[in-house]
Amino acid sequence: MMDAAVAESNFVHDEAKRAKTLRRFRIGDLTFKTITQTAAITVLVILAGVIVALVHGSLPAWRAYGFGFFTSESWNPVTEKFGALPAIYGTLLTSFIAMLIGVPVSLGIAIFLTEICPQRLRRTIGIAIELLAGIPSIIYGIWGLFIFAPWFQVHVQPLLIDTFANIPILNQLFAGPPYGIGLLTAGLILAIMVLPFITSITREVFDTVPPVLKEAAYGIGCTRWEVMKRVVIPYTRVGIIGGVMLGLGRALGETMAVTFVIGNAHRIAASVMAPGTTISASIANEFTEAVGDLYTSSLIALGLILFLITFVVLAFARLMLMRIERKAGK
Amino acid sequence: MRFMSYAVAAGLAVAFTVTTAQAADLSGAGATFPYPIYAKWADAYKKETGIGLNYQSIGSGGGIKQIENKTVTFGASDKPLPGDELDKYGLAQFPMVMGGIVPVVNLEGIKPGELVLDGDTVAKIFMGEITKWDDEAIKKLNPDAKLPSSAIAVVHRSDGSGTTFNFTYYLSDVSSDWKSKVGAETAVEWPVGIGAKGNEGVANNVANTKGSVGYVEYAYALQNKLTYTKMMNKAGKTVAPTSESFQAAAAGADWSSQPGFGVILANQPGDESWPMTAGTWILMYKQPSDPAASSEALKFFAWAYKNGDKMAEELDYVPMPDSVVEQVQKMWTNDIKGADGKPIFAMN
Numbered sequence: 409m410m411d412a413a414v415a416e417s418n419f420v421h422d423e424a425k426r427a428k429t430l431r432r433f434r435i436g437d438l439t440f441k442t443i444t445q446t447a448a449i450t451v452l453v454i455l456a457g458v459i460v461a462l463v464h465g466s467l468p469a470w471r472a473y474g475f476g477f478f479t480s481e482s483w484n485p486v487t488e489k490f491g492a493l494p495a496i497y498g499t500l501l502t503s504f505i506a507m508l509i510g511v512p513v514s515l516g517i518a519i520f521l522t523e524i525c526p527q528r529l530r531r532t533i534g535i536a537i538e539l540l541a542g543i544p545s546i547i548y549g550i551w552g553l554f555i556f557a558p559w560f561q562v563h564v565q566p567l568l569i570d571t572f573a574n575i576p577i578l579n580q581l582f583a584g585p586p587y588g589i590g591l592l593t594a595g596l597i598l599a600i601m602v603l604p605f606i607t608s609i610t611r612e613v614f615d616t617v618p619p620v621l622k623e624a625a626y627g628i629g630c631t632r633w634e635v636m637k638r639v640v641i642p643y644t645r646v647g648i649i650g651g652v653m654l655g656l657g658r659a660l661g662e663t664m665a666v667t668f669v670i671g672n673a674h675r676i677a678a679s680v681m682a683p684g685t686t687i688s689a690s691i692a693n694e695f696t697e698a699v700g701d702l703y704t705s706s707l708i709a710l711g712l713i714l715f716l717i718t719f720v721v722l723a724f725a726r727l728m729l730m731r732i733e734r735k736a737g738k
Numbered sequence: 013m014r015f016m017s018y019a020v021a022a023g024l025a026v027a028f029t030v031t032t033a034q035a036a037d038l039s040g041a042g043a044t045f046p047y048p049i050y051a052k053w054a055d056a057y058k059k060e061t062g063i064g065l066n067y068q069s070i071g072s073g074g075g076i077k078q079i080e081n082k083t084v085t086f087g088a089s090d091k092p093l094p095g096d097e098l099d100k101y102g103l104a105q106f107p108m109v110m111g112g113i114v115p116v117v118n119l120e121g122i123k124p125g126e127l128v129l130d131g132d133t134v135a136k137i138f139m140g141e142i143t144k145w146d147d148e149a150i151k152k153l154n155p156d157a158k159l160p161s162s163a164i165a166v167v168h169r170s171d172g173s174g175t176t177f178n179f180t181y182y183l184s185d186v187s188s189d190w191k192s193k194v195g196a197e198t199a200v201e202w203p204v205g206i207g208a209k210g211n212e213g214v215a216n217n218v219a220n221t222k223g224s225v226g227y228v229e230y231a232y233a234l235q236n237k238l239t240y241t242k243m244m245n246k247a248g249k250t251v252a253p254t255s256e257s258f259q260a261a262a263a264g265a266d267w268s269s270q271p272g273f274g275v276i277l278a279n280q281p282g283d284e285s286w287p288m289t290a291g292t293w294i295l296m297y298k299q300p301s302d303p304a305a306s307s308e309a310l311k312f313f314a315w316a317y318k319n320g321d322k323m324a325e326e327l328d329y330v331p332m333p334d335s336v337v338e339q340v341q342k343m344w345t346n347d348i349k350g351a352d353g354k355p356i357f358a359m360n
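Quick mapping for you: the protein sequence lines, in order, are chains A and B.
The opening residue of the first sequence carries number 409 in our numbering; numbering runs sequentially from there.
The opening residue of the second sequence carries number 13 in our numbering; numbering runs sequentially from there.
Worth flagging that the hints you see were computed from the coordinates, not collected in a lab.
Source: prediction; values computed, not measured.
Ideal placement from N, C-alpha and C gives every residue a C-beta, glycine not left out.
It cannot be assumed that every hint is accurate.
Straight-line Cα separation of at most 20 Å, EDC-like style, residue types lysine to aspartate or glutamate; simulated pairs [stated by the list, open to error]:
{"id": "1", "chain 1": "A", "residue 1": "K489", "chain 2": "B", "residue 2": "E201"}
{"id": "2", "chain 1": "B", "residue 1": "K193", "chain 2": "A", "residue 2": "E481"}
{"id": "3", "chain 1": "B", "residue 1": "K222", "chain 2": "A", "residue 2": "D570"}
Now the stretches of chain A that chain B is said to cover, found in silico as 3 or more residues with beta-carbon under 8 Å [claimed, not checked]:
{"id": "4", "stretch": "476-488"}
{"id": "5", "stretch": "550-559"}
{"id": "6", "stretch": "586-594"}
{"id": "7", "stretch": "673-683"}
{"id": "8", "stretch": "690-696"}
Next up, chain A with everything else stripped away, as it sits in the complex:
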């Protein structure tokens, strides 16, 4: 009897203790949930705030120019006629050049490092790539302006102009005079800047390929090229696209380095060697001394357009990833 009573009281005691502990856990859980939730919601609030600020700030420009803002080539602070076309064109073209050169080279480096390179060299090159990613963009700009552009002007641009002088279309694309700086130079500098991003991501995803897959492929007599093409790249394409998109994101928004070497002219020329401008370079250049509400508003409208371009690019990347995943799932 006595024992039962003691057991009973012990049980009650345990029950209370357990409930207390459970409550404490629940409160802890709730706090944790609230904190993380707040953090996540903050992002949404900031994003919404940025969009609202951009839309509100750019309203005068939209009211004044309407859709014509996208199609007008004029950028005239004296008569207050502003159009975004040259800046949009420059942003897309420089990013395209950067991707055209940056992606194949990055993939080449990543393949060499993961598959072909001797172990000791692998570390050295790997660290060099990471250092390249750590250089502030203004350094690329200064290097581009002082070292690369003068060299490019004297040694490469005349060569390009002469080589393509008699080939239709290409002679328009590479028409002089050689300024040294311009859209092509900006694209090349951007290519160097996106290299480390794409390389380090693709390198990491290449490392995730199970060795057994590659060994099996080598076992049936595949060459290195075939292993890369048939096994490694299909296995990692989602990661590769992710890396490329990250690089593209950087190229689209890069400001300082581009401002130094693009020539900052609101014009659209047939030649890729002509000076041009990008959205972010225009804003960085002109915001401080923009006099008049329409001028400021037009610059904010440019910012909104860049925001939209980035959004479309990201959405497109998502869509591509989803399609690939669905295809692979079959």
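Let chain A serve as the given structure and place chain B on it in line with the hints.
Just chain B, lined up with the frame of chain A:
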């Protein structure tokens, strides 16, 4: 303009935050062109009086915006505000210091001061009508120079700037073509050429690009050892850019002819006058909401007029002539008043 790259970064950061100056410090914002001399004056003034200056060199446009929003005690602008705008906001305006703008070229075998240009030729070059260095118009001005037949690479400012305003104002004055097609502003739609950021950006691009021509504030031409040119002035005389020729342009000007001393010193008469001389202005409220702060600011400006000439000359600026300073200080006592209607500045 000087220190532009730093100024832009710092300026963007502070432009959107409300800055509260330390109680004793003067607060101002605006033009980058006079920033080096304001900083130098402020440094010397602080040693003497213990009162510092918090000057945001965010550009003339930013300076005008900030004084109109009353976030600073004074604004600074390279482009004088017109009389109606001064009246609208109840602002007083006066010139603080001057400088010169010079064309710079990068041509093999041509030394600083050897090439001569005139306003019409410069306008045609910057409009893309003269495209080769051995064009007849340039040859005519320089019969003895060996000019290459290479293309002219035009370099201009990509950011809005008081230098550009004064340069394009001069070109509008001498060329009706320029006036109707391009106009005069702190930023314009350039028909040709590459844009570079800040005075140092133009200087670097000209130094790096063969066959180029640009325009910079005089001090940059000297510091970067660029090939500046001589100019033909309004009187038809060839002048070199020197402190004397800048001062000659200032002396010939009729400062009281414009509201707020807003005389633009481009293309002034006189045999010795440099045609591209430029002033920079201070903007203050005539009835400030904080008379004590404005009084302190005026004390600083009075000190700078009196003691700052040598420092200005060391940095290749041109101090204001005494006659102009006298007029400015008369305006202070007449126009800038506290709530009680008494002048807040009194000459000692």
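Does D570 (chain A) lie within 20 Å of K222 (chain B) when you go C-alpha to C-alpha?
-> holds (19 Å)
Holds or violated: K489 (chain A) with E201 (chain B), Cα cutoff 20 Å?
-> OK: K489 (chain A) and E201 (chain B) at ~10 Å, within 20 Å.
Residue count check for the stretch 690-696 of chain A against chain B: does it reach three with CB-CB under 8 Å?
-> holds (count 5)
Does the stretch 476-488 of chain A contain three or more residues whose Cβ lies closer than 8 Å to a Cβ of chain B?
-> holds (count 6)
Compare the distance between the alpha carbons of K193 (chain B) and E481 (chain A) with 20 Å, and conclude whether the hinted pair is satisfied.
-> It holds: about 16 Å lies between the C-alpha atoms, which stays within 20 Å.
Can you take a look at whether the stretch 586-594 of chain A is actually covered by chain B? Rule is 3+ residues, C-beta closer than 8 Å.
-> holds (count 4)
Can the stretch 550-559 of chain A be counted as covered by chain B under the rule of three residues or more with Cβ-Cβ separation shorter than 8 Å?
-> holds (count 4)
Mind taking a look at whether chain B covers the stretch 673-683 of chain A? Criterion is 3 or more residues with CB to CB distance under 8 Å.
-> Three-residue rule met by the stretch 673-683 of chain A, so holds; n is 3.
The earlier numbered hints are all upheld by this structure, with none contradicted.
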